[in-house]
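Undergrad: Let the sequences and hints guide you as you build the complete structure.
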Amino acid sequence: MTALILILITSFFTAGLIVRTKSIVSGRKGPGVFQPWKNVLVLLRKGLIYSEISGIISRIAPVIVFASVAISSLMIPVAGFKPLLSFNGDFILFAYLVALARFMMIIASFDSGSSFEGMGASREALYGMLIEPALFVIIAGLVIFTGQFSLSTLFDLPGEANYNLVYGLIISYIIGNITLIENSRVPVDDPKTHLELTMIHEVMVLDTSGFNLGIIQIASFFKFAIFGSLIASTLIPWNLPVHWRIILFAAVQILFAVIIGLIESFRTRFKMNRNQQYILTVTLISVLLFVVILFTKNIF
Amino acid sequence: MIYLLIFLLVTAFLIMVIRQRSALYVTGLTILTVVVVSSVISIKCLISADTATGLLPAPFICDRLSAFFILIINFTVITGFLYSTGYLKPYLKNKPEKWIKLHYLALIWLHASMIMVPLLRNGFWFLIAWEIMTLASFILVIFEFDEKGTLKAGISYLIQMHVGMVFILLALILSSRGFNGVSFDNLDFYFRHNSNWPVFLLFFTGFGLKAGFFLLHTWLPDAHPAAPSHVSGIMSGVMIKLGIYGILRITTYLSADFAQIGAFVIIISAITGLFGVMMAILQHDVKKLLAYHSIENIGIIGLGIGLGIFGISSGNTFLSAAGFAGALLHTLNHSLFKSLLFYSAGSVINQVHTRDVEQMGGLMKFMPYTGWAFLIGSVAISGLPPLNGFISEFLIYSSLFNGIASPEFNKLIILFIAMLSLVLIGGLALLCFTKVFSVIFLGQNRTAYPHQPAEANKAMIFSQFLPVIPVVLIGFFPVLIIKPLLILTGSIFSLETTALSGSMFASMSYISIGAVSLLFLFVAVLIIRTYAVRKYNVKTGPTWGCGYTAVDSRQQYTATSFVQEYANLAQPVIKTGHSNINYSDDEIFAEKREFHTHSDDFVKSKLIFKPVEFVLNLFRRAAVFQTGRLQHYVLYLLLFLLLIFLLTFLKVI
Amino acid sequence: MLLGIYFISGILLAGLIFLFPWRRTINYFTALFILIQILFAVFAFFRKDQTELRYFTYDALSLIFILILSLVSTATFYHSIIYTRDSGHWQRALFYSSFIILNVSLTGVYTTNNLIVSWIFIEITTLSVAYLINHHRTANSLEATWKYIFICSVGIALAYIGILFASSSSGIAASGDMSFNGLRNTISTINPVYLKMAFILILAGYSSKLEIFPLYTIGIDANYVAPSPVSAFISSALVNGGFVAFFRVFQIMSGTVVGEWINHVLLITGILSLAVAAIYMQKATNLKRIFAYSTVEHMGLVLIALSLGKTGIYIALLQIMLHSFIKSGLLFQTGLLHRVLKSYKLFKSGGYLRVNPTGSMVLIIGVVLITAIPPSALFMSEFLLFRELGYTNLPVFIIVALLLTLVFYGIISKNLGVLIGKPSQSQYDTPEIKLPEYSTQIIFFSFAIIATFYIPGFLNDLIISVSGIPEGFLFKVFNF
Amino acid sequence: MLILLYVLFGISLVYIAATEKFRHYIQAYTIQGILLFGMAILELKNFSILNLILILAETIIFKSFVVPYLLRKILQQTGIHNVHKRSLQGNYTVLLMLLFLGISLVLAHELSIPSVNEVYMVIAYFTLFTGLLLISVRKLLFGHLVGFLIIENAVFLFSIAIGNEFPLLVNTGILLDIFVAVLIMSMFLTSIGHKMGGFEAESLSRLKD
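Chains as they are written, first to last, in my numbering: chain G, 34 to 333; chain R, 1033 to 1685; chain Y, 418 to 897; chain F, 2 to 210.
Everything labelled a hint here was simulated from the structure, so no lab data went into it.
We put the CB at the ideal spot given by N, CA and C, even for glycine.
Be aware that a few hints might be false.
Which chain F residues face chain R? A few, computed with CB under 7 Å, are given here [to be verified]:
#1 206
#2 208
#3 209
Restricting the straight-line Cα-Cα distance to at most 27 Å, the calculated cross-link-like pairs of lysine-lysine (DSS-like) are [what the hints assert, rightly or not]:
#4 Y/762 <-> R/1638
#5 R/1184 <-> R/1636
#6 R/1397 <-> Y/762
#7 F/22 <-> Y/759
#8 Y/759 <-> F/209
#9 R/1184 <-> R/1571
#10 Y/839 <-> R/1184
#11 G/71 <-> R/1571
#12 Y/759 <-> R/1130
#13 Y/700 <-> R/1127
#14 G/330 <-> G/256
What the simulated footprint calls covered on chain F by chain Y, stretch by stretch (three residues with Cβ under 8 Å from a Cβ of chain Y suffice, anywhere in the stretch; the number is not a length) [claimed, not checked]:
#15 101-107
#16 136-145
#17 149-163
TA: Printed below as a string of structure tokens:
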């Protein structure tokens, strides 16, 4: 339960922190940390407008997207705080729930018969497909490393005998990149762009409005928090006292958000056709990690 | 056997002589009878502890493996038949009456032979049932013989099945040397005293041809589009599974070489799965796409089997039990959602008279039920929770990760490859099914339909939704089936599964909780949304056109463009060809032009067609010997005598 | 005595036909002959292993084939009545009289116990079938007939030389006893080289009748131009005649020192026949030629089976028996097809299913049966064949399997074209085929299906006694 | 005496192979019939009167009278006299004959058995080969028929050589068979000539795939 609460709290401020970082770096005053959530609350209280062409899918898909991301967050451990749902192989359910959300996003984007939304959908599907192995390779590495089969114990890297902070950092790096890709951030995508041709996530929700847009936004906040929590779990020793863990967790989350903000400020986004290469690089790094773990465990 | 055959022959005769309408009823009744009888027997078989031999007369032997497959077959055949009653209606007028009756007859025989295949161990009877199955399905496939390519697909199917039969025959014969009868039961002895993998390989080739493993799959993407949809559903749903049955049956007899065999099965299955889904994405013919997906799913099932065999080699019960259980469950699951998808696709094709997805669109509004059925099928086949596809993939994943956790390097590499391919298969399947569902059912129609599409008739809708029930049930409540499934797996492959059963049960109950809470959350958010927007009228407006207001349906994103980036990525493996006509110099005003892309199955074109064409050409050239001249015929006589003299003289014979 | 009556009545009736050459009388005479033939077959069964007229014995082998002959010739007669409806008086008279002589001579071939007599009757079959082949008197049929007589005669002359070699040992020449028993008794004294010469000459010579390599070509041509009932008869009864004549020699020689060599020769010949059939079938554009090649294929299989010892003989007999029924049924049906589509040419015909659904169902069943797809009993014999090959000779197994697949492809694809391909003419005449005309085919086909599950006891006993395999063999293999 | 007959027989074969006129074929065949009769009489020591009649019928009557008559009739009806087409030059035919003679010698030597006169075998093989050769190289159907008749002569020679005395009934059967075969063949030959306006084997090569 603590884990869920921590994730919820995290989700409240990460998005704002990113925006805030970006504005400070670019020399603007910028909105407050909770501005994204305020926007969402406004959205939630607005009426709904659907495309004339769209049908039932547009009406239910956002809800499913939200629900599946929310349920998937139930499985995420936070630095030793047990998640609500935890069982052997829960990471599979986690990954596939995220995939379910993606599925629904994609078909929802097609429902309005738009000439743009398909572009985003196409990229989302392709990148999602390409990045999924990275996550699984990490998990496979962790399975070898820890001998556990559940997210709640897998990420307890610091508790392992051969642990080295380098592992934690590499994993954090990979998960960080996964986050950027899953959430369509720079360098893969620029959420603030205004050209539909180059967008991924934003273009898919062009015809989504009001409450539906709101919950999709919340889902993406959740996603941030989920990956942030995973990073925190790999870095923070799980046997520390509770308050230390919470403090460290908060620190990691803030750092994570700030780093993303910095990346978004200083990096330009890739050309669309270079994205695949980038994603594959991430996967390759994860395989490298896997090999390193093999060495560590003397399997080679 | 004899009574059964007499019964079927009498029905056959009856169907041929009575009127068409009554023929339909007789067919239904016969299928129902066979279903009831065989189901009762197999349920008895499943319940009773030992392999119940006394249940059936002589050549038939029922054990739990066969019972499992029979139940699957029965379910799909029932839905298939129900679907056919609706589906065939438009055909009744323009096809010869006898042909329709033959179709019914073939349906009965296909069903009966599919039931018999898992029940027979004696090689001779087994092959008879096997061949009848092939023949019946062949007749079913070529139902729409007027269509271009149907016959070719049918014949290619028949020939390849024949080749497969020869492989099985060879393997059976080799393994029963020294026995009087040719039977699978001899394998037990053979495998204990001989090297296992050569004969296993032969069996695998024979059964793999039916199942559609990589390199042996080329008949599948041709036969399924050619066949009417209920037949595609039955074939893809259950008939190709009998290939899996065969492999499983052989697996139960294996006694050595597990590591090699397991590795082989895993690698070939991984390739199969990846290849199937990679090809599927690029197809624009909806049924061809589904056919390639069958190949993919066979790959997944094969992964499960391979993992199971692998597990035996390292003595890891969890690995093998979860692998086999995953394979069995995926067999069941695939039969459900694949038949469902084929039926829905058939309903669509029946309305729009094309299989090209690029010419569809917006059908959700015209055929909502079919659309829902297809959506459920798509989600399930992509292996997404909370539907059944996820459960079987979960089992296979569990097995995989369990194997990875206790590694040796060589095995680890193979398991790693298996894992990577399984993950990629999942992602690619998602890409594929979002494409096909969206393009067919969402948005607007891209070209004008020949007539206003209407919802499929009641029989079709009913049979589309019949498989939905187990799809949803298994997806939401895997706890219900996991224990029986593991017991079944344990007794088939003689594994000790009680320990595994506990932890699996726990996982499954959590999955159930997750699925149910997903549903609750979904409903809750829906209610909240209704509450939140109650003050406003839900409005509709034009789709956002980026400021451009004259948007029309042709500007929609198409299937080709949706997978364009993927196609570029897959170019090294799967060449996508274009066909277009260039402008000529004297062409001032451009004529109407067409452009289309196609992606060829390189296995089919390079490995099957080319050699076959080469050989046939050679044969055509051999005809120079046939001069029609009397003198030459006498010369042959002389040459023959000379040949024999020479061979004798050289002591060759 | 029985045989004497049969021979005399046959010859008499054949003569009478010329004296009263009207349609009705001819039909009556032939029907009478068919009746005599059936009665003869029945009585022959009760006189098993008795010798008549010195040169003829009703042994098991002959009984099997007499049985087939009487069934096939009855059916052939029935179809011929319809076929020759529009022929001229003399043409018809010649047809039926040749038919009767052919039947008589075939019975002679089947029942004789003498090498030379068997040869004589084989030659008579050649001569009498010539008029049946040439029934239409077109350029094609003349050509085929000429080739048939000529090549057959040359072949048979060679076979005669072979027989002379076989009798070259001192003992047999002195006694002049050219009966098979005599040969069997003295065979051990014959020089093996002469035995080989004899065997190869007899095989090559009779290959024209057996429709195997090297002299298979004339059989194909004859089948092609002959009226389809006659084709059916040629492909079954006449081929069986060649088989019996050859088989008796084979059975004696296979027991000697050259036995192994003979098996090898048979294997080579069989595979060559199979290959020739498989390869040329791909190019054939005529339905009847395809079925004729299928006969070559089946006879090739029979030869391969013969090379496999006792079980092989059982397989060969089963195969040839079933082949007779299925192939003759198929060719009868092809005749009916011709009446509807007006052509056997593949590129000229199509859409048979639409025009004549019942007939096409019969054709489909026939095609299924001839390609040895279950429930065809041919599957049983081929299964046994493969079983033996799998145990003894794997390379041959593979070659045979490949070639059979080719044949399978040829038959199925070409027949499907006729059945459901595009019709070339927009409108075919409405067929005037009455239901009874399908009856013979259906009966023959059902024999071939039932045999998978049940072979009548007396027949099985006969085959077993010819092949000499142990009693419970089938039971053990098939778990009947 | 016997050896002279052999040599004469051989010469007649060479003559047939080398000549280009059908009339000469018939003459040579007639002579062969007489020669065969001589050989049979000389070779078979203890024959009955019935057998003598049979042999007489087979050789003199059948081979020297009936068949040549038939052949002449065909020639008259069709008006063809010369071999104006063949697939092999006459020289080569003769050379091939030489080769076959050699082969026959070798064969007869290799396959010799004590009870059989080797010279007989040589000539018998040679006759057989000549017949087959004629069929293979001649392009007119008439030539084929003559080839067949020569093969029949070879058969006769073999049966003398190996020395079988078949029962009378059987012998009659054989004789009748051959006779009817030749009769029917000549009938067909005539009708082919009418139907197709010629005897060229070329015209009979339409039956193929």
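Undergrad: Does each hint fit the structure? Answer for all of them.
TA: Evaluated hints:
no.	hint	in the structure
1	206	4 Å, holds
2	208	5 Å, holds
3	209	4 Å, holds
4	Y/762 <-> R/1638	33 Å, violated
5	R/1184 <-> R/1636	13 Å, holds
6	R/1397 <-> Y/762	52 Å, violated
7	F/22 <-> Y/759	45 Å, violated
8	Y/759 <-> F/209	20 Å, holds
9	R/1184 <-> R/1571	53 Å, violated
10	Y/839 <-> R/1184	14 Å, holds
11	G/71 <-> R/1571	24 Å, holds
12	Y/759 <-> R/1130	22 Å, holds
13	Y/700 <-> R/1127	31 Å, violated
14	G/330 <-> G/256	32 Å, violated
15	101-107	violated (count 0)
16	136-145	holds (count 3)
17	149-163	holds (count 8)
The structure is inconsistent with the numbered hints 4, 6, 7, 9, 13, 14, 15, although it conforms to all the rest.
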